[in-house]
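There are 4 protein chains.
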Amino acid sequence: MNSVSILGGSGYGGGELLRLLLAHPCVEVQQVTSRSHLGEYVYQVHPNLRKRTQLKFSDPSALEPVDILFLAQPHGQAQRHIEEYTGVAQKIIDLSADFRLRESALYQKWYGEQHAAPEWLNKFVYGLPELHRAEMATASYISGVGCNATASNLALLPLVKADLLDSSSPIFIEIKVGSSESGAEGNAGSHHAERANVIRTFSAFGHRHTAEVIQELGLSEVSLTMTAVDLVRGVLATAHAKVKQGVTTKDLWKAYRAVANENPFLRVVKEQRGIYRVPEPKILAGTNYADLGFELDDSNGHVVAMCAIDNLMKGASGSAVQCMNLMMGWEETTGLEFMGLHPI
Amino acid sequence: MNSVSILGGSGYGGGELLRLLLAHPCVEVQQVTSRSHLGEYVYQVHPNLRKRTQLKFSDPSALEPVDILFLAQPHGQAQRHIEEYTGVAQKIIDLSADFRLRESALYQKWYGEQHAAPEWLNKFVYGLPELHRAEMATASYISGVGCNATASNLALLPLVKADLLDSSSPIFIEIKVGSSESGAEGNAGSHHAERANVIRTFSAFGHRHTAEVIQELGLSEVSLTMTAVDLVRGVLATAHAKVKQGVTTKDLWKAYRAVANENPFLRVVKEQRGIYRVPEPKILAGTNYADLGFELDDSNGHVVAMCAIDNLMKGASGSAVQCMNLMMGWEETTGLEFMGLHPI
Amino acid sequence: MNSVSILGGSGYGGGELLRLLLAHPCVEVQQVTSRSHLGEYVYQVHPNLRKRTQLKFSDPSALEPVDILFLAQPHGQAQRHIEEYTGVAQKIIDLSADFRLRESALYQKWYGEQHAAPEWLNKFVYGLPELHRAEMATASYISGVGCNATASNLALLPLVKADLLDSSSPIFIEIKVGSSESGAEGNAGSHHAERANVIRTFSAFGHRHTAEVIQELGLSEVSLTMTAVDLVRGVLATAHAKVKQGVTTKDLWKAYRAVANENPFLRVVKEQRGIYRVPEPKILAGTNYADLGFELDDSNGHVVAMCAIDNLMKGASGSAVQCMNLMMGWEETTGLEFMGLHPI
Amino acid sequence: MNSVSILGGSGYGGGELLRLLLAHPCVEVQQVTSRSHLGEYVYQVHPNLRKRTQLKFSDPSALEPVDILFLAQPHGQAQRHIEEYTGVAQKIIDLSADFRLRESALYQKWYGEQHAAPEWLNKFVYGLPELHRAEMATASYISGVGCNATASNLALLPLVKADLLDSSSPIFIEIKVGSSESGAEGNAGSHHAERANVIRTFSAFGHRHTAEVIQELGLSEVSLTMTAVDLVRGVLATAHAKVKQGVTTKDLWKAYRAVANENPFLRVVKEQRGIYRVPEPKILAGTNYADLGFELDDSNGHVVAMCAIDNLMKGASGSAVQCMNLMMGWEETTGLEFMGLHPI
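In the order they appear, the protein sequences are chains D, S, F and H.
Under the working numbering, the first sequence has 85 at position 90, and the numbering climbs by one with no breaks.
Under the working numbering, the second sequence has 63 at position 68, and the numbering climbs by one with no breaks.
Under the working numbering, the third sequence has 272 at position 277, and the numbering climbs by one with no breaks.
Under the working numbering, the fourth sequence has 296 at position 301, and the numbering climbs by one with no breaks.
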């Protein structure tokens, strides 16, 4: 058994992580911290954990040494205290945005401020196993992933790996998201009466997760357009791009199947019958799957590449646990076996 | 044309009132106040009013004289300033809870504090036209109604008027409500991620609106049990009671039809076919209707009496406009003709 | 008073039309037909009409002469019986897809079958007042509009009218829609348990409404990608295009304002504060508004043009009534004054 | 490893059962039958199972011998073929209503028809472990449970066991349910456009599950009032009853805690802070928990007893697996460890 702690456990990402770690056969949760809920039972904040743990939120300033430390704080915290945290654990997985980007200039461009610990940027591996599995085996520090970046990166991964994209065409990624993306704190627009029934394009360009798509896929002209819809968990990224001349649906099938075969949590969904013919986040709640799909317009090379995930799982805490498994040399899918529900 | 102003126009009740008054053929809106949104266009807060009015929120401390003044402030304000308001307008309709109860003792019991202007309690007519239509014709001051009280009162009105209830049996009223009931400010539980998909019984007993049911129907043992469900607008009150021995379904039909015939906004819904066989708030959004229904278990006298309304309309601003019409001698339904949408 | 009848009144489009016509000050509804609901009260199918009309569904084969006949049948019916219908009324508005396209070849391409009455195609005016207002004044026959086509056409209209688009770039239109789009009959995927919480891209390309965008805006490479989300009424079209070099946000403002000023139901929504900063169908339920918005990425000319409508109103029956008003020489907004609800 | 088959696996109950059995460490699924989906991959109907099983639906008339047979057919089938099924397996768990009642007269009263195999009624144990755990250890045949009956029975169980109820007062149980209760086939009212946003009291009295409450708790005057709300999975039963004179909140705490301590899937939820203070089905999706709560009005003995469950889990397939565990002598919670999600 390895000891793990979660720094910042009262948010949605931290709660989801805690749920996964409590059920994980190789670890034991030692501390979960929260300043605002200090001393409360964790199940009072995360009611799904009732009768499953008697843990209480502990003080973030009193971290005890552990084997693995997860950082689930608001952005900006980890980069300010990373030296301190490395004294607590030899293995760190940071779910925040602080160590996702490798270049401080890219960080500054998208986050609008200087990075507080640029010398640490290269010590972290970007936390998407589908792109960095090998490096993780020897890593000590792994970053989290942006949920929208993950849906985008995985939607396009087969096309990029098989080099099928026409690089002269821009890529427009349309992303629809649920309300858990705004975090447990929410904002004025999160009030159910304002947020229910919405189709709200809250960001046409400039979403910070774009930086992770640029960095990880090496794409130049790519935009993420974000639309909130009435759902709690889930992201669907729909990328519009052009394939190279001559590329056929058969080529696409080959590229997608190859990627799905190499990665336990990737599935290709492209059915001719039934209700669920395309990737849909609805049935992924609680799972670590990323469902991929595509459609090609032969007449003009327009490809629609889709990826559905649960933003709190594959888009955050699920990937983090998957990273832990790889970093620790455990079976990649350990603790992530939940199949998801239908209907839901 | 009569001039009207709304004191406190940035909440849901105030916004709905403004929508109704802007379209009302007999009035002209002079001022809508808001301290927090002072100077903003009202359509920036109530986006449905865009291109319909160029009104801006004005300062509540600079009220100008008008024919009719609507008070749509948080509870507790009106009772503190009522003297001042009567200097602004000769006719006042207060949507808050401040002047709904006739006895200060009842107010103190249910609101947990002394009333600030008990001498004014008897100057107000309770704002439910179905119970006080005649008095309204000569009234100067009319109170609002609690939305849950209204659904409860109208559900039971036919039974009470026809004297069909067994007074020795308690009455349990189960009320299901949408998220707009919590007001524009909301609370921790209003976050979409926490409020979507709920069936949350947030109050088993003791809801303040109970006092209005006790007062208006003269019932002694009555309880309101409140459950939040996933809907923005709407209330369904389902009252469980016992009828006097010998009362039949035919008697109930007679009682309900009589009430529906006397009141333009009451309808009996009790169909044998189709999808909409019982009262449902879903199709009442934006309308002033109260749909009534009932079911009798002949074997034991258990009657289930139902009433569906839009909490912001018949449960608040719609009834207030209906009261204004009666107070001013206008056609009762003026400005309240919207039929509602299907599907929605 | 002019007499009107609706042929095919039990579907969602027919029901919405009936609601509008019952409240319209210049017309009297004579017949509403339905084969499957023959003899039933219309309010048994359209429950919002209870206590508002005692009309019953009549036999479609027993149409009486009227001034204006609305056709609200399934696609394919109108083209087979148009000669007969012109004997019933001198003015016809057909909500189906049968007479939307001017060229039979275009019809055949997108609908996969020969048109049954190609000689009638040029006798109809395409039913979007914002594009054909002048022609409608003298028209006898007006077609309906596809709801998705309408959202797309209006999203791009300012850009096309002001000639700001780079014609060498493809236009990708991402459309999110509610469940009323699938019609009152629905399909396997319409079951609430399968349809709730969805983000389901049911059509990547090839939606039939594309033909109306091609025809009306003269665009060549344009695609509509359709995604179902959890909402009953509403469409948001988000068009991704490139503007000509040098086009600025100021140019776009000018183009959008010009179009909004010329058209009573178009509004530009582009706010810097508040919850509702962009076009959203949520607040348009029951209204005839089309809310337009845009965002320009200066660095690469990528424009995101948005249009939100209620698919049953501006996308179908509302536009049809607007067309009637223009065809009859009445005020364009008559009977379409509903402001919409907030919150909802 | 024990072999299990599911007869009738294309519905929601069958699908949920299959999900549980595929992950259960002690069994291997041999056959899942479906007449209408014969030959299809099970994941085409239950999309959550993609990449988790390559099983195809097999012919129900070609059942092979297994250790345990689950019947998940429409009501009425099992009673007609029970002799045949006992030839297939020595252990049978029937999820339908066919063998839930012990007396054929009770069956006839509530189901309106004679039972086809009354001699088998006493061979089945009623499938609620919280009431029949001991009998299950030696049982060969176990029935399913009605989901609404289960929520009702568990809400009242602590009160009945501790003998706290005033037996002279009627018990009114208000039940709110999600759309998965109507089954995968659905009905006219299941169309998302008609079913979304509903508060629809579809049955005031006479729901068939009432019979199971009468039988299992020995209550005489009890009614179930059923209301559909906008949710896919979940039931909340809220029972209104009177306690015996002198019963206090302390007595209730004792009674509820005792029951929760004896049963691994029962939890008492009664918090003074946080968002989740009462039982709510929202956070139970996919879990086998039944969350219990209560509130007592000291002034009149009115108790509100609540139970929230996932209708497809504790209300059907989860309880069935729990029964299997007990019947086979396995740990009661095996395969039912999922904690549920928050937020969702």
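These aren't lab readings, by the way, just hints derived from the structure by calculation.
This one's a predicted model, so the numbers in the text were calculated from it and none came from an experiment.
We put the CB at the ideal spot given by N, CA and C, even for glycine.
Any given hint could be a false lead.
[What the hints assert, rightly or not] What follows is a list of derived Cβ distance ranges for each label pair:
| id | chain 1 | residue 1 | chain 2 | residue 2 | range |
| --- | --- | --- | --- | --- | --- |
| 1 | F | M323 | S | T328 | 21 to 29 Å |
| 2 | S | P60 | F | A253 | 52 to 60 Å |
| 3 | H | G269 | S | Q103 | 23 to 31 Å |
| 4 | H | G269 | F | S162 | 55 to 63 Å |
| 5 | S | K51 | D | Y106 | 53 to 61 Å |
[Unchecked claim] Some chain H residues flagged as far from chain D (calculated, every beta-carbon gap over 12 Å):
| id | residue |
| --- | --- |
| 6 | R97 |
| 7 | Q109 |
| 8 | P113 |
| 9 | S164 |
| 10 | S175 |
| 11 | L212 |
| 12 | T243 |
| 13 | K249 |
| 14 | P259 |
| 15 | R262 |
| 16 | Q267 |
| 17 | D305 |
| 18 | E332 |
Hint check:
1. M323/F to T328/S: 21 to 29 Å: Roughly 27 Å apart at Cβ, these two residues keep to the hinted range, so it holds.
2. P60/S to A253/F: 52 to 60 Å: violated (41 Å)
3. G269/H to Q103/S: 23 to 31 Å: Since G269/H and Q103/S have Cβ atoms about 30 Å apart, the given range 23 to 31 Å holds.
4. G269/H to S162/F: 55 to 63 Å: holds (58 Å)
5. K51/S to Y106/D: 53 to 61 Å: Given about 36 Å between the Cβ atoms, the range is violated.
6. R97: The assertion about R97/H holds, with a minimum of 32 Å to chain D.
7. Q109: Its Cβ never comes within 12 Å of chain D, the nearest being 34 Å, so this holds.
8. P113: holds (35 Å)
9. S164: S164/H clear of chain D: closest Cβ-Cβ about 31 Å, beyond 12 Å.
10. S175: For S175/H, whose nearest Cβ neighbour in chain D is about 5 Å away, the distance does not exceed 12 Å, so it is violated.
11. L212: Consistent with the label, L212/H stays out of reach of chain D, its closest Cβ about 24 Å off (over 12 Å).
12. T243: holds (25 Å)
13. K249: Check passes; 18 Å lies beyond 12 Å.
14. P259: violated (8 Å)
15. R262: violated (5 Å)
16. Q267: For Q267/H, whose nearest Cβ neighbour in chain D is about 10 Å away, the distance does not exceed 12 Å, so it is violated.
17. D305: Answer for D305/H: violated, closest chain D Cβ roughly 9 Å.
18. E332: violated (7 Å)
The structure is inconsistent with the numbered hints 2, 5, 10, 14, 15, 16, 17, 18, although it conforms to all the rest.
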